[in-house]
Structures are given as structure tokens and as C-alpha cells.
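K.L.:
Residue-level listing of the chains:
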Amino acid sequence: MLRYARRRLLSAAVVVLAVTVATFLMLHVEPGDPARAVLGEHATPGEVQALRHQWGLDASLGSQFRRYVGDLVRGDLGQSYLAQTSTTSLIRARISVTASLVGMATLFSILITLPLAALAAVRQDRLPDHAVRALSVAGLGLPAFWFGIVLIEIFALRLHLFPVGGWGDSFGAHIQGLILPALTASFAIAPILVRSLRVGMIEVLDADFVATLRAKGLGEFRVLGHVSRNAVLPALSLLGINIAYLIGSTVVIERVFGLAGLGSLLLSSISERDFPVVQALTLILATGVVLINLLTDLLAARLDPRIRLG
Amino acid sequence: MIDEERTLTRQELLRYGAAGAVVVAVGAVPRPSFAGNRVLAANPKTGGTLRFARSIAPTTLDPANTIIAGDIYTLDKVFEPLYITSPSGKLTPWLATGYTLSKDRKTYTFALRPGVKFSDGKPLGAADVVFSLDRSRTNKKGPLSFLDFAIKSTKASGEKVVVQVSQPWAPLLSDVSAFSNAIIPANYGGAAEKAFFADPIGTGPFTVSGFKPNAPSLTLKRNPSYWQKGKPYLDAVTFLFVDDDNQRLLQLRGGQADAIDLVPPSQVASLKANSDVHALLSSSWQVDLLVLNEKDPHFADRNVRRAIMQAIDTKALAHAATFGTAKPGGSFFPPSLQYYSAKTKVLPHSLAAAKADLGKSKYPNGFSTELLIDGGVQKWRTFAQIIQNQLKAIGITVKIRALDHAAFEEAFQKFDYKMFIDYAINDISDPDEMASFELDYKNGGSSSYWSSYNSPAVTKLVRQAQSEFNPAKRAKLYARIQNAVAQDAPFVPLDYPPYINAYSTKVNGFAVNPGGAYRLENVWLA
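Chains A and B supply the protein sequences, listed in that same order.
Per numbering that gives the first Met the number 0, the very first residue in the first sequence carries number 0; after that it's consecutive.
Per numbering that gives the first Met the number 0, the very first residue in the second sequence carries number 0; after that it's consecutive.
Worth flagging that the hints you see were computed from the coordinates, not collected in a lab.
Incorrect hints may have been included.
Claimed, not checked - Just some of the chain B residues that point at chain A, by a computed CB distance under 8 Å:
(1) Asp-119
(2) Ser-340
(3) Ala-341
(4) Ala-410
As the list claims (entries may be wrong) - Label pairs and their in silico Cβ distance ranges:
(5) B/Ser-269 x A/His-159: 14 to 22 Å
(6) A/Ser-169 x B/Ala-525: 25 to 33 Å
(7) B/Pro-363 x A/Ala-21: 49 to 57 Å
(8) B/Ala-126 x A/Ser-169: 43 to 51 Å
All residues carry an ideal CB built from backbone N, CA and C; glycine is no exception.
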């Protein structure tokens, strides 16, 4: 197990490193000058040049990269050009929004997936199964932002059950404000999870051990318990991958719901070419994705010896 | 202390496709008060918190180091300048009560308003004004420090402030009204610069403490020492920063926000149908321009430029792309700007005339060219498609080149374009900023808005207007300039977009100046 974990950890580190290099290169090769963005149109070329020098943007790409990595190793994510403050403090103020959104969306995804998949598997090819499958196809086709707006119209504007958007200023308000966005995010991935878990369960339901369990006279509900433990593995890997997708989708969902998280910071920083912030955010989001995949792999390996030994 | 004015930064405006412009303030001398868009009830109510959802979070409150709308429209509630521009576009004495000008027109002596105090209770003095003006005008990194270039020196003389200019300079009062010239305490009141702007002290109606850049919201509290007795009416203002246009509208409709900014033009009609909210369209010092690059041989030909001007139907364009919220373009000065001439001899839309002018050019059968836009803005994409269509009718084939915002700015500023669409903004009430920036090829700072248009006759008029103090004579000079530009067509003014804000009907006294700035000391909640 340890050897497996080490191997996975190493490849995760390589991925993060590759993302770091790729982001750095793409940002610096792409046209668009942060100094111009900060100084405005009336700035003379000399003033733009002076600011570029101050930020070290006139140095060669190689030496800029060495400096960036050097700072990174010391744990310094740099200063935001625009906010003239440390990137770390900008991110610290927002990371809890994004993390809570991803956490709650994951929880909702699981809560939606388990009963629906079980229902569809047990009632295979009957009405409930067809209904669940139709629903997931429909769910897959809905753009998240549109679905979010519909939820706002119904549950916030008409029923006044939730705020229209925003993060609120108390713990209770945070939770209340997260429900609609988390629901929107989870609807984007639940259909895939439901379909995968349903197939997994159907396969397991056909297995010999299930026949044995039934023959022993076990109730259908307890049979299902045994089935889900065996069927959950593929769904778990899929969940891991989809949380990664979820992290990416927060960029849109935060915008639709007016949540000031990392996604909205990323968008505005890209358009202003605030390099240090974009680099730090990509690094953090990539690390988050890689970590979750790593955890999923390790969990799967723990549940299934074939994975870690294979 | 800054003032209020100013506007969205060019970038922001572009990004959001709103209108924007510049500054200035409000208020009349003895007791400034503006009626907003609606009639003020007899007795304003005191108290309450205004929740205002805005598109951009501030990153700094330092007036001398920003040009970004999110910063400007926050810091102008805390800091005030000597003069401001009222919602009607009039320059109004603010922290100054007036000035005298020497015979040679090179020495201004400003009298400061008595009884003005900073939010820490200390009185405003001449030293504070000198410190602030010097800090702003000598700041090489200040996006608006160019406005102060005519100022040679400043000094305190008793309770007065003496400003020397290097040449007779008609726009001076307007220059000092820029938010970047707002007044802060001398030497930051003893604090370190950075610490000062985190807990700023100003003369404005509201105060901020513990400022954090880019936070999701920011609460401003009433300044108890504010110099206008009984104001502000509000106890506090909470700015909520919501970048999505639709989410801001939903927050207004859902009652989470009392007011919002940058309403998309497409939503104005539906807001007007809603009796709980009010959409306010305020004219701006902004003009959307189609700029023609004279470094390209096609556009160096005056007949080609005139043909393009006449081929574009600005009426149809403004109607289609702005849902009728913007006025169609004519003069390169917006109608809300001082010395705008409604009589400018603009070439009218006419395909026949366009074809005739193109026939006189070196390219009588048309040509192929490219139109550069910031592809992130829906309005520009619509504009580009309409222009593409309209120019096709005279044989000019246009390829649209859409870049993201930062790449777009870099491209046109490096003259890497044939035609581009952008908005031009005047930041203060005086039109010299726009005239010099767009027409004075050598001294204006942008090679005539990157068009490379270089008319010695026009440049001469622009410089003459800078030192003309007689309003009637100055108006004549600007009328001649506007006529010349309309005939030479270095750029095609497409439309004059308004600022569009919206608020709930319980909000009273809300008004916006042509710089897009809204002072909030007159706002009260029913």
C-alpha cells in the first residue's frame, strides 16, 4: 500500500509541476500587458516600461521563471499587481467560499446519486428506471448557469426560501446562500454518477453472491447494502474525477450566484493580466484537483486490494 | 479626500459595455443639494443602510494611484476635491469656495471652505491641499497625473492655496476637480502611507476603516464631522461586489440590494415595466468610436474615411446594439460635454454619397480590411457585425478580429490594427482632455487616439482653446474643431451611451454626474 501511495504521490507532484510551468508560459506568451491595465491609456510608453521593470516583467522569460519558482519554494505566492497586496491574503479571504461550495456540492451529489441509482438498479427496465435514466439525460443537457437562474427564479424570487445570491455575513447565512449554488453544481455531475452507479449495481445484482444472499433468505434491503458496497468502487473513482470537474465549474457558478470565491477572482485576474494571482490560483486549484484524485485512488486501493497490488 | 467623480476606467467600461465618463460633482455653493432623478420629498428621512450591488470591488482607496471604477466610486465617498462636477455637468466649488486669478492668468488663489473638518475632527487647512495636489501631480505612476501638467507650483498662503501654472490654462479648475486631486491630510495625518489608505481620513460624507482590497463587500459609515450639516442622511452604505450583470439585477428584484450599477441596456425595458424599481439613465462623457488607422494606406485616404462615415447608419446601430438606450453618434464630443456643438456639420448617412466618396479615392472598387474589437463585450460584437454589413454595401469587406480585453488594448496601442472600436472618455468637465488626447498628434499622448490623424490646423485650434478664457470664444473654437473632425473623419463617433443604474423605489435623492459618479450624502431611504 505504501509503495502504491508513494508512486501516486510522485505522479501527482509531476502533474502540479507541469501545471505550474504551463500556466507560467501561457500567461507570459499571451499578449496583454498588466502594466498598461494598471496605468490606463494616458500612460506614456516610458511609464509603462518603468512599471514593467519594477515588476520584473522586462527580464528574460527564463529568469522570471526562476524567480517565480524560487519565491514559490519559499512559500511566497507574490504580490497582486492590481490590489497591491499579497496574493496569499487575497486567496485566504476567498478560499473558504469555494471550498464550502465544492464540499456542499459533493455532499448533494452523493445524496442525490445513492437513492436514485439504487431505485433504478432494483427496478431495472421498469418505470422508475426509465424515469431516472431520462432525468439524468436531461440533467446532462442542462447548462449549469441556466439551471442556476431557474432555481433562483423559483426558490429565491418567488418562494423567498433562499437568498438570490451572495455569501451573507453569518454562518447561517453562508449555509443558506450555498444551497442553491451547491444544488446547481451537483446537478451537473449527479447524472453521470447515477448512471455509473446504476450500471455497477446491476452488474453486482447479477453476481453469484447475490443469488446466495437471496437464497439465504436475506431481505431485499439488506441485499442492497451488500450490493452497494461492491458497486460503489467505480462510482467512487468517478466521483473523484467529477469533484475535479466541480472545482472547475465553480468559476461559472460563483459568478451566477454572486459568490466572491476563487473562481470569480480567477476570471477578473485573467482579464487584467494579474499574473501572480492567476498563477497562484491555477496552482491551488490544480493542487486541489490532484489531491482529490490522489485521495480517491488511495481510498479505492484501500477498498480493493487488486488495485494496490496490480 | 477625493471627490467624486470619475468613472469607470476605460477598461471596465469596455468590459461591461457600459458607458462611462468622467467626473465631477455636485452641489451648489452655499448648500449643495441636488434633486435626483425624481422629485425629492419634502423631508428626507435620516438613518438606515443603503445596500448597493456594484460590479467591481475596489483594490485601493488611494486617489492618486488608480483609474479603476471600483476604486474611484468608493474613494470619492471618503475624499473630496476643491471642485466637483454636479449631475448636470456643472463645475461646482466644493472644498474651495472660489478663487481669484492673476492678471497674467498664471496664479490661482483658492479660498478654502470654512468649517470643513476631516473625519478625525481636525480642520482642513491649506497645507493639506498643497500636500495632496503635490502628491498627485508629481506621481509618475498616477494614471491621471497628466491632468496636472500645467501646474508649476503650489503653496499655502495663510488659509489660502496659491497655484502657479506654467501657461494660461483654461481647464485648470476642471483639472483640480478630478478625483485624483482629492484632498487628504498633509503627511497622511502622521500615519504611514499604506496604513493611511487602510484606515483613511477624509472630508467626505462617509468613512472606511480596515479596508481590504477585493473583499466581497465593504461598509462605509457616516462621517459625523461632515461639513454639510445634517448630511449624510444614511447611517451607512454597504457595497456588495457582484460581477455578474444578471445576479445584480436579481439581487435588486429580490430586495437583497437597494441599488445596482451597470445595468445591461437589454434589461432597461423590463426594469421600466417593474413598478418597484427605477432605472436611471444618465448621460455620460463617453463616446464609442470606430477608429481608422491612418498608417494603413486605405485610411490615410480622406475619401475612404468619409465614405465609411457615410456608409455607417449610426441611428440603426445605436438602436440595435443598445436597445435604444444610447443616442446615435455625431460629433466626436458627447452632448453632455461642455462646448459640444449640436450644429456640427456631421456627414449624414447616405450610401450614394459614401459610394461617391469611395469612387474619388484610390480604391474606387472597395477593398478588404480588418476590424479589431474586445471580443468579451457583447455590444462591441454587435457593433462589429452591423458595421461589417453596412460597409459591405459599398464594397469594403471587413474581417472581425476579436481579442480578449488585455490583448486588445495592447494591439491597438501598438498600432497593430486597421480599424478598432473603443470608447473614448473625458475624465473631467473640461473638453480639452478629449480634444488633446484625440487630436493633438504630437503632444496629446496617443497619436490622436492611435489613429495617427495629424492635422496642423486642428492641432492649432486645440492649443488655442487651452488658453482661451472667454467662454463664447472658446465655444467657437471647439465648434470649429468639431466641424473639422466631422469632415476629416479620423474616427466615426458611433453612439453616446448613458450610465445605467437602477434602484428600488424607496431610494431617494440618487443622482449621477456625467463622469458616472454618484454622491450619496443626499440619498435617503423612505
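K.L.:
Hint by hint, note whether the structure agrees.
P.N.:
Results for each hint:
1. Asp-119: 24 Å, violated
2. Ser-340: This hint is violated: B/Ser-340 lies away from chain A, its Cβ roughly 25 Å from the closest one there, beyond 8 Å.
3. Ala-341: 28 Å, violated
4. Ala-410: With a minimum Cβ separation of about 7 Å from chain A (threshold 8 Å), the hint on B/Ala-410 holds.
5. B/Ser-269 x A/His-159: 14 to 22 Å: Distance hint for B/Ser-269, A/His-159 holds at roughly 20 Å.
6. A/Ser-169 x B/Ala-525: 25 to 33 Å: Roughly 27 Å apart at Cβ, these two residues keep to the hinted range, so it holds.
7. B/Pro-363 x A/Ala-21: 49 to 57 Å: 51 Å, holds
8. B/Ala-126 x A/Ser-169: 43 to 51 Å: Because 45 Å falls inside the window, the suggested range holds.
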